[in-house]
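The whole structure should be built from the sequences, with the hints applied where relevant.
Sequence lines, in order, name chains E and Y. Going by UniProt numbering, 78 is the number at position 78 of the first sequence; the sequence numbering is gapless. Going by UniProt numbering, 231 is the number at position 231 of the second sequence; the sequence numbering is gapless.
Just to be clear, a hint being listed does not mean it is correct.
Each pair may be met inside one copy or between any two copies, as identical chains are not told apart.
Claimed, not checked - Below, simulated EDC-like cross-link-like pairs (lysine to aspartate or glutamate); rule was C-alpha separation at most 20 Å, straight line:
no.	residue 1	residue 2
1	K78	E95
2	K86	D59
3	K86	D101
4	K179	D259
5	K213	E226
6	K86	D148
7	K179	D195
8	K179	E206
9	K201	D241
10	K86	E251
11	K128	E226
12	K258	D147
13	K128	D101
If you're looking for bench data, these hints aren't it; they were derived computationally from the structure.
Number of protein chains: 2
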Amino acid sequence: MATPACSEDFWRFVKNGAPDNANGLILESVRESLIRQEDTIVFNLIERAKFPLNSPVYDEPCAQIPGCCGSLLEFIVKETESLQAKVGRYESPEENPFFPDALPPPVVTPYNYPQVLHPAAASININKTIWNMYVKELLPLFTVQGDDGNYGSTASSDVQCLQALSRRIHYGKFVAEVKFRDAPQDYGPAIRAQDRDALMKLLTFESVEEMVKRRVEKKAMVFGQEVNLGDRGDKGNYKLDPSIVSRLYGEWVMPLTKDVQVEYLLRRLD
Amino acid sequence: MATPACSEDFWRFVKNGAPDNANGLILESVRESLIRQEDTIVFNLIERAKFPLNSPVYDEPCAQIPGCCGSLLEFIVKETESLQAKVGRYESPEENPFFPDALPPPVVTPYNYPQVLHPAAASININKTIWNMYVKELLPLFTVQGDDGNYGSTASSDVQCLQALSRRIHYGKFVAEVKFRDAPQDYGPAIRAQDRDALMKLLTFESVEEMVKRRVEKKAMVFGQEVNLGDRGDKGNYKLDPSIVSRLYGEWVMPLTKDVQVEYLLRRLD
Chain E
1 MATPACSEDF WRFVKNGAPD NANGLILESV RESLIRQEDT IVFNLIERAK FPLNSPVYDE
61 PCAQIPGCCG SLLEFIVKET ESLQAKVGRY ESPEENPFFP DALPPPVVTP YNYPQVLHPA
121 AASININKTI WNMYVKELLP LFTVQGDDGN YGSTASSDVQ CLQALSRRIH YGKFVAEVKF
181 RDAPQDYGPA IRAQDRDALM KLLTFESVEE MVKRRVEKKA MVFGQEVNLG DRGDKGNYKL
241 DPSIVSRLYG EWVMPLTKDV QVEYLLRRLD
Chain Y
1 MATPACSEDF WRFVKNGAPD NANGLILESV RESLIRQEDT IVFNLIERAK FPLNSPVYDE
61 PCAQIPGCCG SLLEFIVKET ESLQAKVGRY ESPEENPFFP DALPPPVVTP YNYPQVLHPA
121 AASININKTI WNMYVKELLP LFTVQGDDGN YGSTASSDVQ CLQALSRRIH YGKFVAEVKF
181 RDAPQDYGPA IRAQDRDALM KLLTFESVEE MVKRRVEKKA MVFGQEVNLG DRGDKGNYKL
241 DPSIVSRLYG EWVMPLTKDV QVEYLLRRLD
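Here you go:
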């Protein structure tokens, strides 16, 4: 039987109020969600790696599109976010748009998300940094050079990658909230002193980060292998270089998540 | 290093004209594309299985949305196709819209797809059947009962599944073209006699179909496992029931692909 979504558990714990060990349960759910999101990120990168770099998606202004002065990727992300805003995506505290200006309001009954986070969370959005990291640093690492003309499919695949990365990195808000609730006595002084370095130190566990890097590398190996019948797969011929996923987490995903956590904690007692 | 996309090879072979063994190369590329599309389908089903069934996405008319009289899924698929049509998705002979009426024209320079298929291919679209299969038969099999209110995310995930299945099933047009070019003497008489049964018999290789079913089941096991460090994963606790993927291929994907092939071949000599 398929396993249900862990984020469901998370919202159920949050919604149904607090038994004595509520924070322990929420912590476990946050952890499970982060692990599950690794799979989504790896799947999406594997799908993007089907296409070569296709640099015109990012470089050239799509002057042919009326009213669009950015790249084709910018056009597709904006239009996708506009559609998803109509169906309530950005009502969720887990989602952060890349182009928050002028998003249409939801046209469906909003889902009643419980208030878990401090209201300051809504003002934290580092998607500009994520966009630049993805387009300028990550894409050239994991796609082959070249241009096959499939710009629309390429950009649609980029939307999936960007949204998965954004969701994972901004999940730092929940991580920070849970950590704060777990040990307010540890975080309180650094927050009151607005001491970024002290907060970053409290949030950093190098051995955990090393473990995450090894796990996502393994996931890229498992999910990116050629699966054949009769043997254990064509090891070594991966659809996505596993070491790049490890590097993505080590250099960008985890540091940016900690940046989100620090920004959140700095405002946690406002 | 990541492996490049096989469909690139396909288009390169097709575009660059015909060495003596051109059809052999195209046949191999079609086969590789079909195998690669299995991964995409399994990834997308695993992602959809994160959410429970969420039946209001399919059942209720989204009366709140101005101008929309179908379900939320219908609204999202229509809007997604409209956006993707603008960036040229449906110029590709590999793509077939679910709602072909009133799609906007592309606003970007169209990619010059080589003409591989007989022009009759454009009139073959069995997406209504695929939609009904997916919503009425497949979804209740691989999602858990329930409603978590995440309708927008659920429907976005459905779009990915529907498009991956549609692409795979309509790829039957290419399969049929390659088979026809490979043995026109075998197919010609049945086509001229407009004999569906004879064509279906020519296209059916039970041992190959059994192998495909076993392979996609294995892919669901590999891609749907919980990947942990230090062991070979938590076998038996799959995010997607592998036997359902085998059934999906045996009962729907392969029979529907053959329906597409037969429809195509019946018009191949028009």
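Each hint tested on the structure:
1. K78 / E95: Within one copy only: 15 Å inside a chain, 23 Å across chains, cut-off 20 Å.
2. K86 / D59: between (29 Å within a copy, 19 Å between copies)
3. K86 / D101: within (14 Å within a copy, 22 Å between copies)
4. K179 / D259: Close inside one copy (15 Å), not across copies (56 Å); limit 20 Å.
5. K213 / E226: For K213 and E226, the Cα distance is within 20 Å only across copies (16 Å; inside one copy 22 Å).
6. K86 / D148: between (33 Å within a copy, 18 Å between copies)
7. K179 / D195: So K179 and D195 pass the 20 Å test inside one copy only (17 Å; across, 69 Å).
8. K179 / E206: Within one copy, since 16 Å is at most 20 Å while 56 Å is not.
9. K201 / D241: neither (31 Å within a copy, 42 Å between copies)
10. K86 / E251: neither (34 Å within a copy, 36 Å between copies)
11. K128 / E226: neither (35 Å within a copy, 32 Å between copies)
12. K258 / D147: For K258 and D147, neither the intra-copy (36 Å) nor the inter-copy (33 Å) Cα distance is at most 20 Å.
13. K128 / D101: within (13 Å within a copy, 37 Å between copies)
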